[in-house]
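Here the sequence shown stands for residues 691 to 825, where the numbers follow this note's numbering.
There may be inaccurate statements among the hints.
[What the hints assert, rightly or not] Subject to a maximum C-alpha distance of 30 angstroms in a straight line, what follows is the list of computed DSSO-like cross-link-like pairs (lysine-lysine):
| # | residue 1 | residue 2 |
| --- | --- | --- |
| 1 | K766 | K778 |
| 2 | K703 | K792 |
| 3 | K778 | K696 |
| 4 | K778 | K792 |
| 5 | K703 | K766 |
| 6 | K696 | K792 |
[To be verified] Here are the in silico distance ranges between beta carbons for each label pair:
| # | residue 1 | residue 2 | range |
| --- | --- | --- | --- |
| 7 | E736 | P702 | 28 to 38 angstroms |
| 8 | I712 | P812 | 31 to 41 angstroms |
| 9 | N697 | G755 | 23 to 33 angstroms |
By construction, these hints were calculated from the structure, which means they are not laboratory data. A virtual CB, placed ideally from N, CA and C, is assigned to each residue, including glycine.
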Amino acid sequence: MTITLKNPEGLPKIDVYRQVAIASGSRLVFVAGQVSWDAEGVTVGEGDLAAQVEQCYLNVATALGEAGGSFDDVAKLNFYVVDWTADKMSPLLEGISRAAAKLGITPVPPATLIGVAALDVPEHLVEIEATAVLD
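Starting from the given sequences, assemble the full structure and let the hints guide the process.
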């Protein structure tokens with residue numbers, strides 16, 4: 691496995707991600723920010739943050755698969771959420787959980803969540819980008 695995930699002593703133990711990813715592979719994969727488009731470019735889950743997070747994760751998985759990887763190879767995720775407030779954490783986690791169940795994964799790489807004013811179109815509530823390392 692190319693990625694080892696850890697929570698070092700002295701840092702908080704966060705349930706939904708690990709603080710550190712140690713990468714040992716030889717190929718870097720940078721996945722562009724994925725929004726909640728389906729294969730035809732139609733927005734999935736308009737107005738529904740959980741549904742959009744789920745679709746974003748599925749899209750990241752598709753992109754990783756094209757590179758010969760999976761979520762096991764992800765070293766870092768970045769989340770961009772429109773008009774972020776703490777009350778959006780529950781639907782965000784619900785969307786991650788639903789995608790994880792569909793993909794059969796436990797997605798806990800280091801992550802950064804950034805609140806933004808807007809994304810590419812008004813219908814998109816979240817965008818997720820990934821960095822992966824493969825052998």
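The hints, checked one at a time:
For the hint pairing K766 with K778, the CA-to-CA distance comes to about 21 angstroms; that is within 30 angstroms, so the pair holds. Between K703 and K792 the CA atoms are separated by roughly 25 angstroms; this keeps the pair inside 30 angstroms, and the hint holds. Our distance criterion of 30 angstroms between C-alpha atoms is met by K778 and K696, whose separation comes to about 26 angstroms. As the CA atoms of K778 and K792 are separated by approximately 22 angstroms, the hinted pair is consistent with the 30 angstroms bound.
The suggested pairing of K703 with K766 holds, with an alpha-carbon distance near 17 angstroms, which does not exceed 30 angstroms. The straight-line distance between the Cα atoms of K696 and K792 is roughly 24 angstroms, inside the 30 angstroms bound, and the hint therefore holds. Roughly 35 angstroms separates the CB atoms of E736 and P702, a value that falls within the hinted 28 to 38 angstroms. Between I712 and P812, the C-beta spacing of about 39 angstroms keeps the proposed range 31 to 41 angstroms intact.
Evaluation of the 23 to 33 angstroms hint for N697 and G755 yields a pass: the beta carbon distance comes to about 28 angstroms.
Of the numbered hints listed earlier, not one is contradicted by the structure.
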